[in-house]
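A.B. asks: Listed below, chain by chain, are the residues.
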Amino acid sequence: MLTYFVLTPIVIAVFLYLFSSNKTSRIIAIVLQAVFTGFAVYLLLQTRQLGEVITFVGNYEGLLGVVLRADMMAAAFVLLTTVLFLVVSIYSLHEDNSKLFWLLMFIWEGILIGIFLSRDFFNVFVLAEVATVVVAVLIMYDKGKRSMFDGLVFLMANTVAIQFYLFGIGYIYFLTGVLDMQVAAAFIANLDREVLILPYALLMTAIAFKAAIIPLYSWLPKVQGIPRAPSAVAALLSGLHVKSAIYLFIRFQDVFAPVASTEFFLIIGLITAVVGVIMAVSQVDIKLLLAYSSTAQVGLIIAGLSIGDAYSYIGSLYHMINHALFKVALFLIAGVLEDMYGTRDMRKINGIFKKDKYIGIAIVLAILGITGAPLFNGNVSKYFIMSGADTVVNTVMILINLGTILVSIRFAAMLFGQADESFVGKKTAKSSDISIYFLGVLCFVGGIFGEEIMSFLFNVHFQMSFYGFIEKLIILTASWIVGLLVYRYVLRGDRNYKIFRRIRAIDLNFRGICFSIGAFFVVILAVVGFLY
Amino acid sequence: MRMMEIVPIVVFFMGMFGLMTSKNIIKSIACLVLLEMAVIVFILGLAFRTGILPPVGQSLENVYSVADPLPQALMITAIIIGLAVTAIDFTMIINLVRRYKSTDWDEVKAMSTENFDEC
Numbered sequence: 001m002l003t004y005f006v007l008t009p010i011v012i013a014v015f016l017y018l019f020s021s022n023k024t025s026r027i028i029a030i031v032l033q034a035v036f037t038g039f040a041v042y043l044l045l046q047t048r049q050l051g052e053v054i055t056f057v058g059n060y061e062g063l064l065g066v067v068l069r070a071d072m073m074a075a076a077f078v079l080l081t082t083v084l085f086l087v088v089s090i091y092s093l094h095e096d097n098s099k100l101f102w103l104l105m106f107i108w109e110g111i112l113i114g115i116f117l118s119r120d121f122f123n124v125f126v127l128a129e130v131a132t133v134v135v136a137v138l139i140m141y142d143k144g145k146r147s148m149f150d151g152l153v154f155l156m157a158n159t160v161a162i163q164f165y166l167f168g169i170g171y172i173y174f175l176t177g178v179l180d181m182q183v184a185a186a187f188i189a190n191l192d193r194e195v196l197i198l199p200y201a202l203l204m205t206a207i208a209f210k211a212a213i214i215p216l217y218s219w220l221p222k223v224q225g226i227p228r229a230p231s232a233v234a235a236l237l238s239g240l241h242v243k244s245a246i247y248l249f250i251r252f253q254d255v256f257a258p259v260a261s262t263e264f265f266l267i268i269g270l271i272t273a274v275v276g277v278i279m280a281v282s283q284v285d286i287k288l289l290l291a292y293s294s295t296a297q298v299g300l301i302i303a304g305l306s307i308g309d310a311y312s313y314i315g316s317l318y319h320m321i322n323h324a325l326f327k328v329a330l331f332l333i334a335g336v337l338e339d340m341y342g343t344r345d346m347r348k349i350n351g352i353f354k355k356d357k358y359i360g361i362a363i364v365l366a367i368l369g370i371t372g373a374p375l376f377n378g379n380v381s382k383y384f385i386m387s388g389a390d391t392v393v394n395t396v397m398i399l400i401n402l403g404t405i406l407v408s409i410r411f412a413a414m415l416f417g418q419a420d421e422s423f424v425g426k427k428t429a430k431s432s433d434i435s436i437y438f439l440g441v442l443c444f445v446g447g448i449f450g451e452e453i454m455s456f457l458f459n460v461h462f463q464m465s466f467y468g469f470i471e472k473l474i475i476l477t478a479s480w481i482v483g484l485l486v487y488r489y490v491l492r493g494d495r496n497y498k499i500f501r502r503i504r505a506i507d508l509n510f511r512g513i514c515f516s517i518g519a520f521f522v523v524i525l526a527v528v529g530f531l532y
Numbered sequence: 001m002r003m004m005e006i007v008p009i010v011v012f013f014m015g016m017f018g019l020m021t022s023k024n025i026i027k028s029i030a031c032l033v034l035l036e037m038a039v040i041v042f043i044l045g046l047a048f049r050t051g052i053l054p055p056v057g058q059s060l061e062n063v064y065s066v067a068d069p070l071p072q073a074l075m076i077t078a079i080i081i082g083l084a085v086t087a088i089d090f091t092m093i094i095n096l097v098r099r100y101k102s103t104d105w106d107e108v109k110a111m112s113t114e115n116f117d118e119c
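These protein sequence lines are chains A and B, in that order. Just so we're aligned: 216 in the working numbering is position 216 of the first sequence, and the numbers increase by one with no gaps anywhere. Just so we're aligned: 11 in the working numbering is position 11 of the second sequence, and the numbers increase by one with no gaps anywhere.
The hints are simulated quantities; they were obtained by calculation from the structure and are not laboratory data. Be aware that a few hints might be false.
As the list claims (entries may be wrong) - Listed next, the in silico SDA-like pairs over lysine to any residue satisfying Cα-Cα at most 25 angstroms (straight line):
#1 Lys143/A - Val133/A
#2 Lys23/B - Thr37/A
#3 Lys430/A - Asp356/A
#4 Lys109/B - Ala429/A
#5 Lys23/B - Arg511/A
#6 Lys99/A - Ile10/A
#7 Lys23/B - Tyr437/A
#8 Lys109/B - Lys430/A
#9 Lys354/A - Val396/A
#10 Lys472/A - Asp106/B
#11 Lys109/B - Lys99/A
#12 Lys109/B - Phe500/A
#13 Lys143/A - Val10/B
#14 Lys143/A - Ile93/B
#15 Lys109/B - Thr343/A
#16 Lys143/A - Arg98/B
#17 Lys99/A - Val11/B
#18 Lys143/A - Asn95/B
#19 Lys354/A - Leu491/A
#20 Lys23/B - Thr343/A
#21 Lys99/A - Pro215/A
#22 Lys101/B - Pro227/A
#23 Lys23/B - Asn509/A
#24 Lys101/B - Asn509/A
#25 Lys109/B - Asn95/B
#26 Lys498/A - Val10/B
#27 Lys99/A - Asn95/B
#28 Lys27/B - Val10/B
#29 Lys101/B - Arg511/A
#30 Lys355/A - Tyr437/A
#31 Lys23/B - Lys99/A
#32 Lys27/B - Gln72/B
#33 Lys498/A - Ala84/B
#34 Lys143/A - Lys109/B
#35 Lys143/A - Asp106/B
#36 Lys109/B - Lys355/A
#37 Lys27/B - Leu491/A
#38 Lys355/A - Ala429/A
#39 Lys23/B - Pro215/A
#40 Lys109/B - Leu491/A
Produce the entire structure from the sequences given, and follow the hints as far as they go.
C.D. replies: Structural data, given as structure tokens:
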């Protein structure tokens, strides 16, 4: 059964590519996508009932063949993938994209579902490599100057990182004789710690690169900031592509439980979040602001997963889903604004409320989600992430949330002010509005029914305590006040600080990216090997 | 550690060094291919023992004398993927070289990012 989840989108894509070209084919694609989402819900219900759905590809049982397994977490992410691709297809309905765009988007969906379902080291390698190629073609398909160059850097840097992964797989196969993750985990539990250090460091270097952790994050904003790259691609890159790497991070931390270093990733996650926030605040380009903000959220998620507390762990899983929802919404909004105003410079975009009330409300919904306002989904997940943290980590996380609020205020500042009438922008298509609203409503629903959704997706029953909720509310209100004051007196207007210009100018070239990959590998090897 | 493991590791980090230092795009690709080849030789070498037979056309009476076919099958896949990715890399490089008449990372970058709004 699970094989069809990987193959169906690809088969649909190829059929549509071959046999039709007009708008009806897109509508057929969206209808099929909706049906497919229904099947993902069915899979989730099935895993709730059975615990785990297993498919032996090619009917080779035992350890002979490749295994696809869907547990609750995998099924939840498959559902997320289908929902987001449905939303993004509706958003792209009016855009005049070529057939190639739709073909690649659906193939990308199949591959991401494959990564979520696969439990085979080598299968993941192949899928990750194909996903890289698909994304590279998607971002450079307008053949612009920037997109060609950045696409080349993206493709080559990803290939370098994936070689570390392949190297690690070789070691695993040598040590255990299997490539199945669960069986390998059983063997690894009985192995000496020393022999596992090198494969762990190799695999984690590749995963950290794919998940855009400091210092390996620079490819993500580079790719998302390409002028005229489709907004849908940028949205899904930080919404899903990066999440698939974090998902692998979770799996590999389990597989390598004897050597897995949680403290290292806790610290590096917090550093990633702090740096991401600082980078995001200093941007003036909407998409770059969102890209660095997703780096910050990834850092928060990685830190939450590494705290070692059940509440933080589940909270981080829920935050992965929430972040996917509001970040995709914000990126799609950014795409709409780019069309409306003809620019991505936030200083030139003003008065959205006066120009288009509906987009303004959608922005408010998404921002309330990302800052963790009460009744919105970010509140629930951030509450649980912080509830497991000790005082120091908690303080850092409150500061990170303050940074997120600052970033959001910069984004929200575009809502007000006098709209510059000189820009004759396009009117937004109805389909784009619908898709963005749908995500905004999901953010709201995810907040109100947060505990119910968590128990439905992950089979855990957590309750937010009333006292903790009030405490968080006070901290959040204080953060908003501080954020507004900082914005009013420090950031507002066209004040162009030298330090912000310096930060904006930070840009790793290809040599720098390779150096940071090598450096990260050496550091993680040293930390895991010598410090324990 | 055997020679079969040491040599690929040395080659791998030679490739990494090349990637960190070379200013030319073509050289970077060469180093990338070196990296891939090092990994492939490493994984093939791990399964190698002297005296083993290829797993094709032999009677499988003594299984221990037959080479493990799995790393070879996997590495064929890895080689094909590497070939495809290298081909795409070169397609993009040809495009860049035709536009800018240069294969220097910094020069190409400077030319492709200047007044990027009109691309």
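A.B. asks: Evaluate each hint against the coordinates.
C.D. replies: Checked hints:
| no. | hint | verdict |
| --- | --- | --- |
| 1 | Lys143/A - Val133/A | holds (15 angstroms) |
| 2 | Lys23/B - Thr37/A | violated (47 angstroms) |
| 3 | Lys430/A - Asp356/A | holds (12 angstroms) |
| 4 | Lys109/B - Ala429/A | violated (36 angstroms) |
| 5 | Lys23/B - Arg511/A | holds (8 angstroms) |
| 6 | Lys99/A - Ile10/A | holds (14 angstroms) |
| 7 | Lys23/B - Tyr437/A | violated (47 angstroms) |
| 8 | Lys109/B - Lys430/A | violated (39 angstroms) |
| 9 | Lys354/A - Val396/A | violated (37 angstroms) |
| 10 | Lys472/A - Asp106/B | violated (48 angstroms) |
| 11 | Lys109/B - Lys99/A | violated (30 angstroms) |
| 12 | Lys109/B - Phe500/A | holds (22 angstroms) |
| 13 | Lys143/A - Val10/B | violated (38 angstroms) |
| 14 | Lys143/A - Ile93/B | holds (12 angstroms) |
| 15 | Lys109/B - Thr343/A | holds (23 angstroms) |
| 16 | Lys143/A - Arg98/B | holds (13 angstroms) |
| 17 | Lys99/A - Val11/B | violated (42 angstroms) |
| 18 | Lys143/A - Asn95/B | holds (9 angstroms) |
| 19 | Lys354/A - Leu491/A | holds (23 angstroms) |
| 20 | Lys23/B - Thr343/A | violated (34 angstroms) |
| 21 | Lys99/A - Pro215/A | violated (36 angstroms) |
| 22 | Lys101/B - Pro227/A | holds (23 angstroms) |
| 23 | Lys23/B - Asn509/A | holds (10 angstroms) |
| 24 | Lys101/B - Asn509/A | holds (19 angstroms) |
| 25 | Lys109/B - Asn95/B | holds (14 angstroms) |
| 26 | Lys498/A - Val10/B | violated (44 angstroms) |
| 27 | Lys99/A - Asn95/B | holds (22 angstroms) |
| 28 | Lys27/B - Val10/B | holds (18 angstroms) |
| 29 | Lys101/B - Arg511/A | holds (21 angstroms) |
| 30 | Lys355/A - Tyr437/A | holds (17 angstroms) |
| 31 | Lys23/B - Lys99/A | violated (37 angstroms) |
| 32 | Lys27/B - Gln72/B | violated (28 angstroms) |
| 33 | Lys498/A - Ala84/B | violated (44 angstroms) |
| 34 | Lys143/A - Lys109/B | holds (15 angstroms) |
| 35 | Lys143/A - Asp106/B | holds (20 angstroms) |
| 36 | Lys109/B - Lys355/A | violated (37 angstroms) |
| 37 | Lys27/B - Leu491/A | violated (44 angstroms) |
| 38 | Lys355/A - Ala429/A | holds (14 angstroms) |
| 39 | Lys23/B - Pro215/A | holds (21 angstroms) |
| 40 | Lys109/B - Leu491/A | violated (31 angstroms) |
The structure fails hints 2, 4, 7, 8, 9, 10, 11, 13, 17, 20, 21, 26, 31, 32, 33, 36, 37 and 40 (numbered hints given earlier, in ascending order).
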